[in-house]
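> From first to last, the protein sequence lines are chains A and B.
Sequential numbering of the first sequence, starting at 1, is according to our numbering.
Sequential numbering of the second sequence, starting at 1001, is according to our numbering.
It is worth saying that the hints were derived from the structure and are not from the lab.
Note that CB positions come from ideal geometry on N, CA and C, so glycine has one too.
Any given hint could be a false lead.
From the derived model, a few chain B residues whose C-beta atoms are all more than 10 Å from chain A [to be verified]:
id: 1; residue: Val1027
id: 2; residue: Asn1050
id: 3; residue: Leu1136
id: 4; residue: Ile1142
id: 5; residue: Phe1254
Computed far set for chain A versus chain B, every beta-carbon distance over 10 Å [to be verified]:
id: 6; residue: Ile28
id: 7; residue: Pro40
id: 8; residue: Ala128
id: 9; residue: Leu237
id: 10; residue: Ala294
id: 11; residue: Thr298
id: 12; residue: Gly302
Below, in silico cross-link-like pairs of lysine-lysine (DSS-like), each with a Cα-Cα straight-line distance of 25 Å or less [what the hints assert, rightly or not]:
id: 13; chain 1: A; residue 1: Lys213; chain 2: A; residue 2: Lys192
id: 14; chain 1: B; residue 1: Lys1137; chain 2: B; residue 2: Lys1222
id: 15; chain 1: B; residue 1: Lys1137; chain 2: A; residue 2: Lys187
id: 16; chain 1: A; residue 1: Lys187; chain 2: A; residue 2: Lys149
id: 17; chain 1: B; residue 1: Lys1135; chain 2: A; residue 2: Lys316
id: 18; chain 1: B; residue 1: Lys1160; chain 2: B; residue 2: Lys1137
id: 19; chain 1: B; residue 1: Lys1135; chain 2: B; residue 2: Lys1204
id: 20; chain 1: A; residue 1: Lys316; chain 2: A; residue 2: Lys149
id: 21; chain 1: B; residue 1: Lys1204; chain 2: A; residue 2: Lys316
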Amino acid sequence: MNLNRSISWKSTFKNLYVFSVLALIIIIFSSISSNFIGAPNITNIIRQSVPLLLVSTSVTLLMMSGNIDLSVGGILGLCSVVFSIMINAGSGYFMAAVLTLLLGVFIGFFNGFLVVRLRIVPVIATLATMSLCVGLGKLMSPGGIGLIKGLPEDIVGFGRTPFLLRLPISVYVAAAVIIVLVVLQRKTLLGKYAAAIGGNSTAAELSGINVVKTVWLLYVIVGLCAALAGITRTSLLSLGDPVTGMGMEMDAMIAVVLGGTSFSGGEGSVARTVIGVLVLMCLTAGMQVIGAEAYYQTIVKGIVLIIAVVVDVLVKEKIDD
Amino acid sequence: MRNLNAQNNANSRISNLTFAILSMLVVLVVIFTIASICVPRFFDINNISNLIAQQAEIIILGIGVTFLLIAGYFDMSVGGIISMAAVLSAYFCQATGAAANDLGSGLGLGYGTAIALTLICCMAIGALNALLVVKLKVNSVIATLGTMAVARGIAMIVAKGAQRITGLPEEFCAIGQFTIIGTINLAVVISIILLIIALIIENKTIFGRRIYLIGANQTAAKLSGINVDRQVAILYITSAFLAGISGIVMASRFNAGNCALGTGYEFDALVITVLGGTSIFGGFGSVTCAVVGAFILGILSTSVNMLGFQPSMQMLVKGVVIIVSILALRFALNKRNV
């Protein structure tokens, strides 16, 4: 009985905590500047959140299983480059998008192969993949460092141009992907398996869960979502940029931890990660609105990450008492 | 992989660790020979002394990261600490109110005081790492990525996203420009001294042997009376201290406190450590591994450059080399221990 009560208290706190952080940030920034709550700014925040939303929500499932992916930023950059090159070479949007998504699936598959088949620790394996992706992306772009410009003007149709309620199509696509991921996490065996593996990998294995297949699949899902994020970013900026995903792995991790998914695995919520992403994006946008220089962002992110993990730990300790 | 020390082959005279180091050393020699034959102008005294000088800073970092990895912990904050140390060491000793813009004027302290203060700030970041990882039991990758952002954030704020280059005292560039022969500079000397100290700690002291025990089996280490928390905390602070030294040396070499220094070094430090054969599971490894790893990566990068490939090829080489070397070493050890 006591156990039940404390668990519900814990989940209530975790649910309310990230929401109240978001509310607090919105209240603070809108009281400083009236522009913050204006429709153009909100549209902009949502539009720019799409790549991070796609990456973080898929990484949530992976982190629930106790694994990590540092290559998401690299995948995003490489996919952005490949997508732009194909568009510039004259292939249709649909064809280019399908091939880019396949590339994402392949990289995710490769990550999974390194981690579950060759048993290289996730941090190192995905670090190597990141190096490969960034290197390949830079090699393919003009001059080895350059941006891929000259994309057709209608490329912004996916990620920038208003489609419905002032928001572009990419937002609705992302919403659909997130709904699928939420359903996967809450209602399907995949979500339960991921949590079980994160809680205790050996016990999961012994109780008949195919750990290899599950983790592999999760890496593929992350690769697919990162590729979609790359396409969105390319469309949003109408640029192909091999380093556009720099720091994405860190942002995704912050969003996931803010959403209460503990890195030791075993529990987590895709839906709360969405709020975590919005916290991060509102913080970044809010600092721009109040005129803080861009170089303050790094330290703010670091502090937010540290506070998020400390709160997570303190909540757990409270429960254990 | 987990109990490599325990699985020592009874018939052989050398331990698994010595075997790993020797095999990576063979790889290093082979790569060096191939590079000398295939790459024009590679086997040249200037080029080789350049190669040694380039590895010194990363080897200083690698010492701290290796010890932590042997104990089973990651330190991803070292890259951020380098940039913080570089910028702060410049800021502390820039003349007060000398220049019109903010970036030109600092605190006007003596260079020695500036170095001491900078190292204290770096150790504070190390202490924060220790607090998060040891006391609060946060996963070490996440915690140290957070402190990396904090350290780099401090550097970016103090340098306003750029660099502090004017109004520096003359002795600021002395460390970086002091050379013995050719390009063998003070960084090389410092790294050799630190390496010798590290090897003595690793092999001859109780403190060093405890690190291996903690990495091999933390519970057993605790039960046998080792103060694991204190030991790991000391390692984190040491690692931050070494990163601070690296940052100060780098700032001195460029004669500027640039907040972009050290970007990606946390990954490079990890790569050279793992490349040399230190196990990520803890309990297995040596600082010698980091030195060998640094030179393998250094020779490959230099060769790629000298053969006229684009710099981005280095990223590809790095990625491939990490995967191949981990698999090769594991294959060799498995064969040996069958």
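> Of the numbered hints stated previously, which ones are contradicted by the structure, given in increasing order?
3, 4, 8, 10, 11, 12, 15, 16, 18, 19, 20, 21
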